[in-house]
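Each chain is listed here by its residues.
4 protein chains.
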Amino acid sequence: MKLTDLDETILTDVIKPRPQESYKGTFGKILLVGGNHQFGGAIMMATAAAVYSGTGLVTVACDPTNITALHTQLPEAMAIDFTDKAALTGMIKRVNTVVVGPGLGEEAASLRVLKNVFAATMADQTVVIDGSAITLLAREGLALPAGHLVFTPHQMEWQRLSEIEIKHQTPEANKAAQEKLGGIVVVKRHHSEIYTPTGDWRLPIGSAAQAVGGMGDTLAGLVGGFTAQFRDDRVKAVLAATYAHSAVADQLAEDQYVVLPHQISQALPAFMKKVSESGHGHQIGFNHEN
Amino acid sequence: MKLTDLDETILTDVIKPRPQESYKGTFGKILLVGGNHQFGGAIMMATAAAVYSGTGLVTVACDPTNITALHTQLPEAMAIDFTDKAALTGMIKRVNTVVVGPGLGEEAASLRVLKNVFAATMADQTVVIDGSAITLLAREGLALPAGHLVFTPHQMEWQRLSEIEIKHQTPEANKAAQEKLGGIVVVKRHHSEIYTPTGDWRLPIGSAAQAVGGMGDTLAGLVGGFTAQFRDDRVKAVLAATYAHSAVADQLAEDQYVVLPHQISQALPAFMKKVSESGHGHQIGFNHEN
Amino acid sequence: MKLTDLDETILTDVIKPRPQESYKGTFGKILLVGGNHQFGGAIMMATAAAVYSGTGLVTVACDPTNITALHTQLPEAMAIDFTDKAALTGMIKRVNTVVVGPGLGEEAASLRVLKNVFAATMADQTVVIDGSAITLLAREGLALPAGHLVFTPHQMEWQRLSEIEIKHQTPEANKAAQEKLGGIVVVKRHHSEIYTPTGDWRLPIGSAAQAVGGMGDTLAGLVGGFTAQFRDDRVKAVLAATYAHSAVADQLAEDQYVVLPHQISQALPAFMKKVSESGHGHQIGFNHEN
Amino acid sequence: MKLTDLDETILTDVIKPRPQESYKGTFGKILLVGGNHQFGGAIMMATAAAVYSGTGLVTVACDPTNITALHTQLPEAMAIDFTDKAALTGMIKRVNTVVVGPGLGEEAASLRVLKNVFAATMADQTVVIDGSAITLLAREGLALPAGHLVFTPHQMEWQRLSEIEIKHQTPEANKAAQEKLGGIVVVKRHHSEIYTPTGDWRLPIGSAAQAVGGMGDTLAGLVGGFTAQFRDDRVKAVLAATYAHSAVADQLAEDQYVVLPHQISQALPAFMKKVSESGHGHQIGFNHEN
Numbered sequence: 001m002k003l004t005d006l007d008e009t010i011l012t013d014v015i016k017p018r019p020q021e022s023y024k025g026t027f028g029k030i031l032l033v034g035g036n037h038q039f040g041g042a043i044m045m046a047t048a049a050a051v052y053s054g055t056g057l058v059t060v061a062c063d064p065t066n067i068t069a070l071h072t073q074l075p076e077a078m079a080i081d082f083t084d085k086a087a088l089t090g091m092i093k094r095v096n097t098v099v100v101g102p103g104l105g106e107e108a109a110s111l112r113v114l115k116n117v118f119a120a121t122m123a124d125q126t127v128v129i130d131g132s133a134i135t136l137l138a139r140e141g142l143a144l145p146a147g148h149l150v151f152t153p154h155q156m157e158w159q160r161l162s163e164i165e166i167k168h169q170t171p172e173a174n175k176a177a178q179e180k181l182g183g184i185v186v187v188k189r190h191h192s193e194i195y196t197p198t199g200d201w202r203l204p205i206g207s208a209a210q211a212v213g214g215m216g217d218t219l220a221g222l223v224g225g226f227t228a229q230f231r232d233d234r235v236k237a238v239l240a241a242t243y244a245h246s247a248v249a250d251q252l253a254e255d256q257y258v259v260l261p262h263q264i265s266q267a268l269p270a271f272m273k274k275v276s277e278s279g280h281g282h283q284i285g286f287n288h289e290n
Numbered sequence: 001m002k003l004t005d006l007d008e009t010i011l012t013d014v015i016k017p018r019p020q021e022s023y024k025g026t027f028g029k030i031l032l033v034g035g036n037h038q039f040g041g042a043i044m045m046a047t048a049a050a051v052y053s054g055t056g057l058v059t060v061a062c063d064p065t066n067i068t069a070l071h072t073q074l075p076e077a078m079a080i081d082f083t084d085k086a087a088l089t090g091m092i093k094r095v096n097t098v099v100v101g102p103g104l105g106e107e108a109a110s111l112r113v114l115k116n117v118f119a120a121t122m123a124d125q126t127v128v129i130d131g132s133a134i135t136l137l138a139r140e141g142l143a144l145p146a147g148h149l150v151f152t153p154h155q156m157e158w159q160r161l162s163e164i165e166i167k168h169q170t171p172e173a174n175k176a177a178q179e180k181l182g183g184i185v186v187v188k189r190h191h192s193e194i195y196t197p198t199g200d201w202r203l204p205i206g207s208a209a210q211a212v213g214g215m216g217d218t219l220a221g222l223v224g225g226f227t228a229q230f231r232d233d234r235v236k237a238v239l240a241a242t243y244a245h246s247a248v249a250d251q252l253a254e255d256q257y258v259v260l261p262h263q264i265s266q267a268l269p270a271f272m273k274k275v276s277e278s279g280h281g282h283q284i285g286f287n288h289e290n
Numbered sequence: 001m002k003l004t005d006l007d008e009t010i011l012t013d014v015i016k017p018r019p020q021e022s023y024k025g026t027f028g029k030i031l032l033v034g035g036n037h038q039f040g041g042a043i044m045m046a047t048a049a050a051v052y053s054g055t056g057l058v059t060v061a062c063d064p065t066n067i068t069a070l071h072t073q074l075p076e077a078m079a080i081d082f083t084d085k086a087a088l089t090g091m092i093k094r095v096n097t098v099v100v101g102p103g104l105g106e107e108a109a110s111l112r113v114l115k116n117v118f119a120a121t122m123a124d125q126t127v128v129i130d131g132s133a134i135t136l137l138a139r140e141g142l143a144l145p146a147g148h149l150v151f152t153p154h155q156m157e158w159q160r161l162s163e164i165e166i167k168h169q170t171p172e173a174n175k176a177a178q179e180k181l182g183g184i185v186v187v188k189r190h191h192s193e194i195y196t197p198t199g200d201w202r203l204p205i206g207s208a209a210q211a212v213g214g215m216g217d218t219l220a221g222l223v224g225g226f227t228a229q230f231r232d233d234r235v236k237a238v239l240a241a242t243y244a245h246s247a248v249a250d251q252l253a254e255d256q257y258v259v260l261p262h263q264i265s266q267a268l269p270a271f272m273k274k275v276s277e278s279g280h281g282h283q284i285g286f287n288h289e290n
Numbered sequence: 001m002k003l004t005d006l007d008e009t010i011l012t013d014v015i016k017p018r019p020q021e022s023y024k025g026t027f028g029k030i031l032l033v034g035g036n037h038q039f040g041g042a043i044m045m046a047t048a049a050a051v052y053s054g055t056g057l058v059t060v061a062c063d064p065t066n067i068t069a070l071h072t073q074l075p076e077a078m079a080i081d082f083t084d085k086a087a088l089t090g091m092i093k094r095v096n097t098v099v100v101g102p103g104l105g106e107e108a109a110s111l112r113v114l115k116n117v118f119a120a121t122m123a124d125q126t127v128v129i130d131g132s133a134i135t136l137l138a139r140e141g142l143a144l145p146a147g148h149l150v151f152t153p154h155q156m157e158w159q160r161l162s163e164i165e166i167k168h169q170t171p172e173a174n175k176a177a178q179e180k181l182g183g184i185v186v187v188k189r190h191h192s193e194i195y196t197p198t199g200d201w202r203l204p205i206g207s208a209a210q211a212v213g214g215m216g217d218t219l220a221g222l223v224g225g226f227t228a229q230f231r232d233d234r235v236k237a238v239l240a241a242t243y244a245h246s247a248v249a250d251q252l253a254e255d256q257y258v259v260l261p262h263q264i265s266q267a268l269p270a271f272m273k274k275v276s277e278s279g280h281g282h283q284i285g286f287n288h289e290n
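Chains as they are written, first to last, in the numbering used here: chain A, 1 to 290; chain B, 1 to 290; chain C, 1 to 290; chain D, 1 to 290.
Simulated from the structure, these hints should not be mistaken for lab results.
The list cannot tell twin chains apart, which means a pair is met if one copy fits it or any two copies do.
Straight-line Cα separation of at most 27 Å, BS3-like style, residue types lysine-lysine; simulated pairs:
(1) Lys236 x Lys2
(2) Lys24 x Lys175
(3) Lys167 x Lys93
(4) Lys29 x Lys167
(5) Lys167 x Lys24
(6) Lys175 x Lys2
(7) Lys115 x Lys29
(8) Lys29 x Lys274
(9) Lys115 x Lys93
(10) Lys85 x Lys29
(11) Lys93 x Lys24
With the sequences and hints as input, model every part of the structure.
Written as structure tokens, this is what we have:
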């Protein structure tokens, strides 16, 4: 089985000029759930990707100790206490996409939050399951929640969820596991792989400059932001987010030994503008012309 | 009924070179009230607009949990606890403009704060009523406070306040509602509309790049900053703030798919400098020459 | 009586290339005391000026609620609780310059802090008395502390301290009051005036772009930073700080309608570098060539 | 005894293009321990150097009051409470390098943390001992911990540890003390000296622009980041970190009177990129060509 290499036409396919007659609801609503007492930075990085990609309304549910840091860097995001079940459930009802996992942690409190999220999602929502949410899901054998699911595990998390050891994570084995699981699976690795009901892909770009903590949280937030905002085709939105994440990183890596996650988010508005002006189906040559 | 299109001469009409003999009081004092435990970012964004537009003294009354984030990003702003009625009332007595609503919330505590503000404003002040303050005002049927009132609702808030459904918000209906209400009304939408006792206007600029959360908070803060600072003609100050807000956004949108609210505020000092040097009544052509 | 106009030769006179053989103690130690629960931004702005001007070691004593915001923006500064008398007194013993007043407030707790500072300063230190410390000093009739005193009042604070009404604040009256008081007095106003035991000066530069809250806090911090770092001649250090503060602002005001205090501090390292390379006594023409 | 002058070939020797097939674990894991209630900025500055130098995973153990400031500036770093012995010990088991000391303080609580760190380190780890950890080690006569030790004292801390007065800190005396102590010793001073089991070096670059508080914390963090990431040769990693720290500062000092520690860290990704593209053994002439 051979995966198809994604190319940059996925960007112009998804990121189009915004319709003039619009308001913030037009561009989606997202809730990101994560950020326990220890991993507050993870939810900040995921949220930055959602905000800078242009999601209309962004709310975060996290440990309250993280709200000051979040608001300082991202005043555009609203925040609630992730242990407040009523607030959490109420907010889930109002969004297009829920992202759960970045910095959620794996302790008892994390599990309670995850269960509350899983109990509240709805069939027509996109639910991105990332990081410790994947680990908890596998460890606790939880039933999958309602919604269109997108899993964004790194290889070890994928091993826990699929029970395929890293060395046996071939496209065939991964595809079989994704079909059994349902939904979309993004296996985050050097040249990430994306398994979907309508095709299976390999990301041919990206570099070792991205191999730093928080990079995966940023991707989860971007997948969330794109599925909330570009709602015509969920698979394409996930593919475009994955491609854009590494395309921006590759641009930054031309001048940097390492690329920090927050730098990718901050570069999104200019990157997406160029894409939106390139027109459908054109090669835009980011890696060569910039 | 036809609204008159605003043009950029409103900017040079209002934003003039500062008089040399002056001190910070010359440029006005403002109090912004909002920012509950969940919406701290909203009051930060409104305050940023007031600070970067050059208001002489800026104070914020908010939930104390937001003060650290506020001071980190905006050390120029002073802060008080919005539940401290004596401090709140005392501060209102010392300012030219009060802005109430950004991130205030709609719970019981929010209402208490709003009532305290409404009880304390004075006839010669500008009082900008925004966001959840409009919703509370409509829901609770509060009497209007003393002061020169400026309402800055988005269309749904305007529906609540005017009882005109969005689909029936024609200029005629809006004008009638503004005349009944008194004061100035800025209906925030794609091509915002501004109804005033001395004329009614339509904003012909702005784009979908602005359709993100916090954009309205920033406009409310800027209307506050301009009315505090440019006190010769309140209507013109409101018109200039509304125009400047979208003119800056349009500049940024030339290179960005989305424009974040805090970016507009940070661009104000350079934008206002160019305006102030252009001279009264001149076309300054921001959208063409930059 | 005519005040002498300061000119930019004061900059090259004071800001010289740093000696190669040096360590951080070479460039002075400063303690800044202020920042109550309401005015945390003021002590941050004063501290920024001290840090960016190159003071070797910078410590802040403030209300503990301000420490997170301070560390976020200025990790170079150390922080103690200003109500911890032992820590405060101990720190005063270890510094060259104490700045007291920015955002200190005027309540009972502020007065206790001020009294603790005044009881601990030493004859060979520079003590900069600013803002609410001046108001408290005047209101409470406190005895002056030990040390080489520098007062940095704005005109209303100067009225309280000197008992000269603003309209009667002529050079003659100001000079007489400074002589009675002792030390150096910087009357902050449009074209600030500096009264010293060895001459009296007027600042001919600066503009209304500086007329925003926090500008005076920044000047107090810069006077502190310069007196701690440039210890050959205290009067010249104060004059150079006052001149540099407005010279940097004038540069920024070429492109900005208003200049925010934190922007002045951040521009200091580049500004001081240019000065240090210009050589003693040369006209460096910042306002024309930049 | 004559120390060998380090030259910039140490940079290309250590900082090489990253292997494509890699993940964040490839680039090391680091734990930084420090930052008490007073010195939170110190641990932030050390951590910034570790993050911006590209360490794969960065965790901080500090006083919990510092976590908000840390996450605001460095969301990439994870954080634990340094008084939580189980969490601290558990984290030490999972990293390549432990840095202990920046802003740790010298009180009883600091000592408890230090003892917990010393009890948990392992023989195959790099342990960087800096700042107050050195002072406590000397004062309390603690036994040295397991691990490959790197000491980064300034001259006064070196006096405390080696019992050699500053005026007697000759290369001969320093070398004898390093041999007795074991490990690597970086004596931070104007032209720092690095004593190692395989050679002794003098840093010929750097300037008085670096003589500000926090510079040593940044170096400790960078030594940590390099030893965690470049694990082929510990001595070379320490030498390269020391050289890079001052080489970046020298670049910045071309345009700045003082260089702030956080500016060095933020400049690392671009600096390291240039080095990595220069190729092994080449002179890269940073000080001349930039």
